[in-house]
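Novice: Each chain, written out:
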Amino acid sequence: MIAKRTVCMLILLLGLTSFAFADLAISAKVESSAQDGNKVNIVITPTETSSIYILQTSAESGEWITFRETRDLVFSRNIDNDISTQFKVIALDENRTVVGEALSERITTKAKWFNMNRLNRFIGLLIICGVILYYIGRARKNKKIYLRPVAGLQAFEEAVGRATEMGRSVLFVPGIMDLDQVETISGLIILGHVAKMTARYEAELNVPVSRSLVMESGRETVRASYISEGRPDLFSADMVHYYTDDQFAFAAAVDGIMLREKPAAVFLQGKFYAESLIMAETGNSIGAIQIAGTGSPSQIPFFVTACDYTLIGEEFFAASAYLGDDPKLLGSIKGQDIVKAILMACLGLGVILQTVFSGIYNSDGFYPKIKSLGENPTAVYSIIAEVSSIPLEKVQYIYSNIDDKLGKNIDIQGKNSRFNAEKVIRKLERNGATVDLYDNTKLENKDNKWDFFKNLFAGS
Amino acid sequence: MFWKRTIPSIIVAAVGVIMLLSWFIPHAPFDELEIHATQWYDIIASFAMILGALNLLKLQGRKVVKRQKGWAYSLAAVLAFFMTLTFGFMVKGGFYPNLESLGDNPEAVYAYIAEATDNDLENTISLYGSPGENGEQIILHKAVVSKKAALKAIDELEALGATVSLGELQWGSHVQGQKTYYRWVFYTFFTPLSATMFALLAFFVASASYRAFKIRNAEATVLLVSGILIMLGRVPLGAYLTAWTQKISWLSWLHLPTIQEWLYQYPNAAGARAIMIGIGLGIVGTSLRVILGIEKSFMGGD
Amino acid sequence: MVKSKFGEKFVNFLGKLDSLDRRIIFLIIGIVVLIPLLLPLGLPIETTQLTEDAFYALDALPQDAKVLMSFEYGPSTKPEIHPMAISVLRHLFSKGNKVIIMCLWPDGLFMANEALDLVARQEFDLEYGVDYVNLGYRPGNEAIIKGITKSFAANFSIDAKGTSISKLPIMNDIQTARDVDFIFSLSAGYPGAIEWVLYAGDPLQVPVSSGNTSIQVNQLLPYVKSGQMKGIIAGMPGAAEYETMVIRKIEENIGIITPEARELLPQFKERRNATKFMDAQSIAHLVIVLFIVLGNISFFVKRRQQRKY
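Chains as they are written, first to last, in our numbering: chain A, 1 to 460; chain B, 461 to 762; chain C, 763 to 1071.
This is chain A alone, in the form it adopts within the complex (with noise of 0.2 Å):
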């Protein structure tokens, strides 16, 4: 009698213990958007008494590296490509103890050899670099094209003419970074053109930079403009001379060079940051004639007040076309307008569809707040995941456990007018969840702002 009970106890327990161990389960799946392969999402099923879970890795060598301990069910990790990957999860209780433990598929990350979230930027640049090859195309051909004057461009020559008569030097600052940023390399062929134009008539030429590599290429720069002229007893590699990499000591020593050499003319042509109207501010001061050009969109400002000549973005860019007067270069410039028109044309197109289509609902800071998932909690995370860019995983994290007398609200990325949110909610009560609308622009609601702020996070 006895041992049946043992053995009746010992099958219950066995059931019991194997009921425990049958649902601790963990999947991984290769994420389908990492377009460079190696992410996984690893999703847990838990135990009744599991909380804690230690999770650990084998590559192909076999060997199990624990990496990480936590009390998620869902998250991502990087694995190696083409290296078979298994996972296994350890379930612990609270008191810390193995209450479980299953091992996933093994599975394999693979890159792909175009990452297919890219395209629309890949044909973009092939309409774009298509539209400025033609153009140059057609330039070689057809050797006429007109280009509308600039003023800064013109007055490049008058800036140089000033300083020769007044016999005193010509500045010109090829911008503070590297030949790493196209507007360095801009300014030095920007300072090529100048520096024929100071061979020619026989003006001091003062090219202090802040990078080495930007000294010696502007000493080869300056040294074949002086050779162009057929002046080169006129050249001297001191002309380019380094001060320093650090922004502000550069913006000192150049003020310095401003202040007592005074040149008459100063080229501020490259890309700069802050210092850039510590500089022009300074040669303002001394009276020189300054033109400054930029891709800089935020020192573009600085210079137009303190310089007499600001070339202002891509007129910066165009600089080199223009002073050269090479049809191939005048043919990129024009590719370059045609493709600014395309996209102008582009973003008209969207802001009239973008007017039309949201009505006149196009204000800001509506929000679905929902208040229960409803029986097919599956498909509201996919709709959250989808309105509000958050991965699926997480989506399932934040929105699994949720007040139904505060709710949570649903950010959709942006968007957030009275039109989409309403779209969002008729989406979600399709699939069974309870959602209320969230208007954030009552002014009670404005006064008091913390009250959205408390809402959007309470229960978190």
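Since the hints were made in silico from the structure, they are not lab data. Bear in mind the structure is a predicted one, so any value in this text is a computation, not a measurement. Don't take every hint at face value.
As the list claims (entries may be wrong) - Derived CB-CB ranges, DEER-like:
#, chain 1, residue 1, chain 2, residue 2, range
1, B, Arg465, A, Asp72, 56 to 64 Å
2, A, Ala59, B, Gly621, 49 to 57 Å
3, C, Pro824, A, Glu429, 24 to 32 Å
To be verified - Computed from the model, here is a short list of chain C residues facing chain B with C-beta under 7 Å:
#, residue
4, Lys908
5, Gly909
6, Leu983
7, Ile1050
Quick reminder that beta carbons are idealized off the backbone N, C-alpha and C, glycines included.
Let chain A serve as the given structure and place chains B and C on it in line with the hints.
Specialist: Okay, now just chains B and C, sitting in the frame of chain A:
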């Protein structure tokens, strides 16, 4: 000409095309090309710094030797260069006494440490009460702690019965470590000088605004008005002066921070976007010209 | 007669102001900036949407989140960016978040050490290697950002103190930048927030926000509007707003707050550098506006005089 012009052009074209295409190809070896290329460039630029440094020393040194105008400033530049070089590569400081045990006379040891570190006794006891396995670092109250100063402190602590060893920072981490010469140079010279140069902007902005913001035409007027609205709206004073408008719903739009935010986020962002698109196109055009070899003047070509 | 002579003299004086020596402008600006620093006005700080977005994004992170903070500024921009670095660290530590710090500017390393010394060591007394880590500076600009999207260990094998990162518990489950929950860049230029968005945030879909100088906000706004960045802390006004929000969060007991943060609240209220400096900035802006108005009056007077003659 072949080595100076043709070979560089071929390299530029080949590398340019490969780097462009590698952005779209996540498969090896293209996936890491971008990283490697950027790192190679940084290594080359770092070594090229030697050229710049030699050029700086040559020109500034020449000014000093020939006593040209402003030679004193050049001397300062040369001395500062060598001083920083010395503190970066040759003399680091950053030594410290490492307290391993308090010995039989802990009160005296605490008192000494409190004075040497310019700390109060209570704090000193809590910090050094139980030295760990690797000892406890005593940070002496000096600008820089040389080996000699550290050894002197060690001798005095050992005379009080404590067990102390000499600790020093590793080369490399000494650059930002406590009580090193390099750190002293950074905080004593470099930091105030950099801050001063940046602070000049405030004054220059005022003088530039005074000179340039004139109502010459319609565009200048719009610039002026929007500049004033943003300048006042961006600071607490603007919110304070127009706080009363928040109490009347149909006047709430007159609240300066609201106007400022609208100007910032809509017309200003639109203008910035337009310029950035233009600059982006300009960069594409210039890069294409460089890759195709149409533009060679920056390499010394025509 | 006397009145009209005085009036004429006054008008002539206004006309001459058009060519006012800039040194007088510098002197006046210097004085008006100095006075509020010595005699604070205590103007209330009102928060703006850009800062609020950044704050909410960081506050929404769960308690076990790890934030990567990158220090890309130096002593020149320290007055603007350092207060926001300190505020953000206080915010994150007061929620129990862990912070991984790296620097893409060499000066950033010094700034990071200063900020950590104040907040992590003196205020919160946190454990290095467990609650926070300073990985140090690496040269390479955006190459480092691209590198950490593939492997942290390959780019940061040791931290700033020379300890192998494999020995640091905080880095246990961080293989790549994808494994962090948020990237926050404190940047004053290049490399900075734009590079973080382009090479890490956007490709890896890791949320990015940044604290920048006021000048850079223009360039970054398109990224905020497109949703690629979660708000910006813009310059010293942004830093003052963030300080205010951190204090208000603790005072009104919103969200996750650790007991240490509640105890530190009085210290946070006292050490609000950006808020203190905003008085000076307010007065400076007002004076610049007055200069602009004066300059225009002078411009019109001079133009009228020239037309007259």
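Novice: Could you run down the list of hints and mark each one as holding or not?
Specialist: Verification of the hints:
Restraint check, Arg465 (chain B) to Asp72 (chain A): a C-beta distance of roughly 59 Å satisfies the suggested window 56 to 64 Å. The hint said 49 to 57 Å for the Cβ distance between Ala59 (chain A) and Gly621 (chain B), and at roughly 56 Å that hint holds. Take Pro824 (chain C) and Glu429 (chain A): their Cβ atoms lie about 28 Å apart, and the range 24 to 32 Å holds. A hinted interface residue such as Lys908 (chain C) counts as satisfied when its beta carbon comes closer than 7 Å to some beta carbon of chain B; here the least separation is about 5 Å, so the hint holds.
The beta carbon of Gly909 (chain C) is positioned within 7 Å of a beta carbon in chain B (closest approach about 5 Å), and the interface hint is therefore held. For Leu983 (chain C), the interface hint holds, since its Cβ comes within 7 Å of a Cβ in chain B; the closest pair sits about 4 Å apart. A cut of 7 Å between beta carbons decides the hint on Ile1050 (chain C): the least distance to chain B is about 5 Å, and the hint holds.
In the structure shown, no violation is registered for any of the earlier numbered hints.
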